[in-house]
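The chain contents come next:
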Amino acid sequence: MSLSVADLSYTYNMGLPTEAAALKNISFEAEKGEIFSIVGHTGSGKSTLAMHLNGLMVLQSGEVIVDGIRVGGNPSDLRRIRQAVGLVFQYPEQQIFAETVREEISFGPSNWGLSGDALEERVCAAMDLIGLDRSFAQANPFMLSGGEKRRVAIASVLASDPDYLVLDEPSAGLDYNGLCELTSLLRKMSEKGKCVIHITHDLELALEISDRIMIISDGAVAAIGSPSEISGILSDIDIKGLILPDILSLSYELKKRGRIDKITSDPSELAEEIRTASSCR
Amino acid sequence: MPLIRGMALGQYIPADTPIHRLDPRSKLLITVLSMVLIFLTKSFPAMAMWAALIFIVAKVSKIPASSLLRSAGPILILIIFTSLLHVFFTGGETVIFSIGPLRASAEGTITAFRTGLRLFLLVLFTALLTFTTSPSELSDGLEAALGPLSRFGFPAHEVAMMMTIALRFIPTLFEETERIINAQVSRGADFESGGLLKRAKAYIPVLIPLFVLVFKRADTLASAMETRCYRGGKGRVRMYPLTWGSAENRAVLCFALFSAVVLLLNRLA
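Chains as they are written, first to last, in the working numbering: chain Y, 1 to 281; chain L, 282 to 550.
Certain hints may be false.
[Stated by the list, open to error] Once the Cα atoms are required to be at most 25 Å apart in a straight line, the calculated DSS-like pairs of lysine-lysine come out as:
| hint | chain 1 | residue 1 | chain 2 | residue 2 |
| --- | --- | --- | --- | --- |
| 1 | Y | Lys256 | Y | Lys32 |
| 2 | L | Lys482 | Y | Lys149 |
| 3 | Y | Lys188 | Y | Lys149 |
| 4 | L | Lys497 | Y | Lys149 |
| 5 | Y | Lys262 | Y | Lys240 |
| 6 | Y | Lys256 | Y | Lys240 |
[Unchecked claim] Under 8 Å between C-beta atoms, here's a sample of chain L residues computed to sit facing chain Y:
| hint | residue |
| --- | --- |
| 7 | Ile294 |
| 8 | Pro299 |
| 9 | Lys343 |
| 10 | Ala426 |
| 11 | Pro429 |
| 12 | Pro436 |
| 13 | Ala437 |
| 14 | His438 |
| 15 | Thr458 |
| 16 | Ile461 |
| 17 | Gly476 |
| 18 | Leu477 |
| 19 | Ile489 |
| 20 | Leu494 |
[Stated by the list, open to error] Facing chain Y, from chain L, some residues (calculated, C-beta under 8 Å):
| hint | residue |
| --- | --- |
| 21 | Ile380 |
| 22 | Arg384 |
| 23 | Gly397 |
| 24 | Val466 |
| 25 | Gly469 |
| 26 | Thr508 |
No lab work stands behind these hints: they were computed from the structure.
Note that CB positions come from ideal geometry on N, CA and C, so glycine has one too.
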């Protein structure tokens with residue numbers, strides 16, 4: 001069971017002078033239990049791709065298949081797809097509307113038909129998962145801090161217990177602690193057997209937490225592979241506005257000067273490489 | 282999400298065409314005149330001429346016909362409602378059919394068709410203005426047009442600025458609304474099934490975040506303008522002054538000739 005995308009293309013404002021191709025023949029497959037990061041510069045088509053995964057966009061060409069169900073195939077399957085693929089939008093706190101945290105978090109599962117104890121359990125489980133104290137349940141979400149609001153919004157998606165969790169730039173606007181909590185949540189979700197599709201422009205974060213990475217540039221797949229594979233080829237591909245992590249820049253420089261044999265974004269691995277290369281000399 | 286996609290009202294489509302390049306004052310003048318003239322138009326051949334003019338201008342401006350027609354979408358209900366009122370309440374000798382006490386006359390049906398067509402043409406013509414004129418150009422044009430009134434204490438600049446901001450934010454608000462709708466739909470919200478009350482209630486999770494966002498945005502915008510020393514129109518100068526040249530003269534002249542022909546056709550009918 002997986003989420004697969006094949007030859008997906010999408011063009012905005014088709015036929016208008018402002019026509020712009022957002023996605024060009026995107027293909028990938030994400031498995032349950034892995035963190036799959038989609039990395040791209042601003043305007044590379046990441047958010048358009050995210051919305052396709054949840055069936056929010058009408059397919060123009062290509063296909064998206066979730067656990068064997070084709071998005072856009074049978075209209076009655078759409079609810080099952082949306083239940084299976086939880087989508088956390090960028091700045092999700094802007095979607096908050098309820099009077100209490102509990103009501104906000106229960107919005108998703110109650111839409112899927114849950115009620116009573118089962119609903120209560122889901123709300124509590126989502127709050128625990130995101131690290132929100134249960135005393136927050138009756139709090140007014142509009143009175144919470146920015147970070148707390150973000151957690152409530154993410155919990156409201158987790159409460160639906162999706163098998164695939166798509167997060168669009170979840171780290172935007174978070175401080176260091178918030179970022180640590182987020183990465184720990186993503187790891188926890190993948191350990192629970194969920195597929196985490198992490199959409200970001202933060203290459204360093206993607207290299208640190210992902211099992212696999214897909215780089216998209218101008219709507220097309222530029223590279224796809226494990227963090228070590230991606231680290232090895234990043235200097236050869238056009239990453240546009242993405243910032244290369246310092247550790248990788250150092251790695252490339254050392255390789256260029258013949259001081260190491262292998263490119264890596266892992267600090268301890270790089271130290272080991274330098275040590276091995278020095279001792280050989 | 283097809284709920285609000287396709288609403289084109291107030292959307293500027295940038296392109297380098299002779300219509301786009303015209304001074305906004307000339308386009309405003311032509312639009313205002315066309316509003317009066319379309320309402321004066323009674324004959325169907327004259328209306329056909331208006332439709333032809335609209336589509337020729339759209340073609341020259343590289344505005345797809347589909348986008349132009351879509352711009353009438355939001356007020357289609359109003360057009361249909363007005364037309365229906367005319368069908369049943371205009372009165373006339375020849376009754377086509379009746380529903381209870383309501384009688385649809387042939388005269389009423391013709392009037393309904395004429396009124397509906399007039400409203401439709403009016404919307405399309407005004408849409409051409411917003412399709413081919415950027416909000417800032419429109420504001421400049423409005424300010425210049427209302428300028429003489431400022432001698433009598435009318436806040437021309439402020440009114441123009443308010444209209445610009447309103448126009449500028451129509452697409453942004455559509456985008457924000459669409460984003461919030463998408464977020465709620467992905468959490469299982471259903472806006473398309475159930476009765477009227479249920480569907481209206483389903484929009485609460487959209488309207489509350491939207492209001493919060495709009496007020497925050499308005500507050501930020503006001504602060505951003507204030508921090509850049511905005512104090513209304515007094516003492517402000519323009520980076521790109523408006524210029525009325527031969528192209529504008531030609532456009533107004535062509536429109537005047539067209540209007541004369543339309544009025545003549547109207548009189549002959």
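Verification of the hints:
A C-alpha spacing of about 38 Å is found between lysine 256 of chain Y and lysine 32 of chain Y, which places the hinted pair above 25 Å, so the restraint is violated. Annotation: proposed proximity of lysine 482 of chain L to lysine 149 of chain Y holds, straight-line Cα distance about 24 Å (limit 25 Å). Between lysine 188 of chain Y and lysine 149 of chain Y the alpha-carbon distance is near 20 Å, which keeps this suggested pair within the 25 Å criterion. The straight-line distance between the Cα atoms of lysine 497 of chain L and lysine 149 of chain Y is roughly 16 Å, inside the 25 Å bound, and the hint therefore holds.
At roughly 24 Å between alpha-carbon atoms, lysine 262 of chain Y and lysine 240 of chain Y fall within 25 Å of each other, so this suggested pair holds. A threshold of 25 Å between alpha carbons decides the hint, and for lysine 256 of chain Y with lysine 240 of chain Y the separation of about 22 Å falls inside it, so the pair holds. Checking isoleucine 294 of chain L against chain Y: minimum C-beta separation of about 6 Å stays under 8 Å; hint holds. Against a cut-off of 8 Å between C-beta atoms, the interface hint on proline 299 of chain L is violated, since the closest Cβ of chain Y lies about 14 Å away.
A hinted interface residue such as lysine 343 of chain L counts as satisfied when its beta carbon comes closer than 8 Å to some beta carbon of chain Y; here the least separation is about 5 Å, so the hint holds. Interface hint at alanine 426 of chain L: violated, since its Cβ lies 27 Å from the closest Cβ of chain Y, which is beyond the 8 Å cut-off. The restraint placing proline 429 of chain L at the interface with chain Y is violated, with a minimum CB-CB distance near 35 Å, outside the 8 Å limit. Taken as an interface hint, proline 436 of chain L does not check out: its beta carbon lies about 34 Å from the nearest beta carbon of chain Y, beyond 8 Å.
Here the hint on alanine 437 of chain L is broken, as its CB sits about 32 Å from the closest CB of chain Y, past 8 Å. Nearest Cβ of chain Y to the Cβ of histidine 438 of chain L: about 30 Å, over the 8 Å cut. The hint is violated. Among the interface hints, the one on threonine 458 of chain L is violated; its C-beta lies about 12 Å from the nearest C-beta in chain Y, farther than the 8 Å criterion. At about 6 Å, the closest approach between the beta carbon of isoleucine 461 of chain L and any beta carbon in chain Y falls short of 8 Å, and the interface hint on this residue holds.
Using the Cβ-Cβ criterion of 8 Å, the hint placing glycine 476 of chain L at the interface with chain Y is not satisfied: the shortest such distance is roughly 17 Å. Checking leucine 477 of chain L against chain Y by beta carbon gives a least distance of about 19 Å; that is not within 8 Å, so the hint is violated. For the restraint placing isoleucine 489 of chain L at the interface with chain Y, the shortest Cβ-Cβ distance is roughly 4 Å, inside the 8 Å limit, so the hint holds. A hinted interface residue such as leucine 494 of chain L counts as satisfied when its beta carbon comes closer than 8 Å to some beta carbon of chain Y; here the least separation is about 6 Å, so the hint holds.
Here the hint on isoleucine 380 of chain L is broken, as its CB sits about 35 Å from the closest CB of chain Y, past 8 Å. Among the interface hints, the one on arginine 384 of chain L is violated; its C-beta lies about 42 Å from the nearest C-beta in chain Y, farther than the 8 Å criterion. At its closest, the beta carbon of glycine 397 of chain L sits 27 Å from a beta carbon of chain Y; the interface hint therefore is violated under the 8 Å criterion. A least Cβ separation of about 6 Å between valine 466 of chain L and chain Y falls short of the 8 Å threshold, and the interface hint therefore holds.
Nearest Cβ of chain Y to the Cβ of glycine 469 of chain L: about 3 Å, under the 8 Å cut. The hint holds. For threonine 508 of chain L, the interface hint is violated, since its Cβ never comes within 8 Å of a Cβ in chain Y; the closest pair sits about 21 Å apart.
In this structure, the earlier hints numbered 1, 8, 10, 11, 12, 13, 14, 15, 17, 18, 21, 22, 23 and 26 are contradicted, and the remaining ones agree with it.
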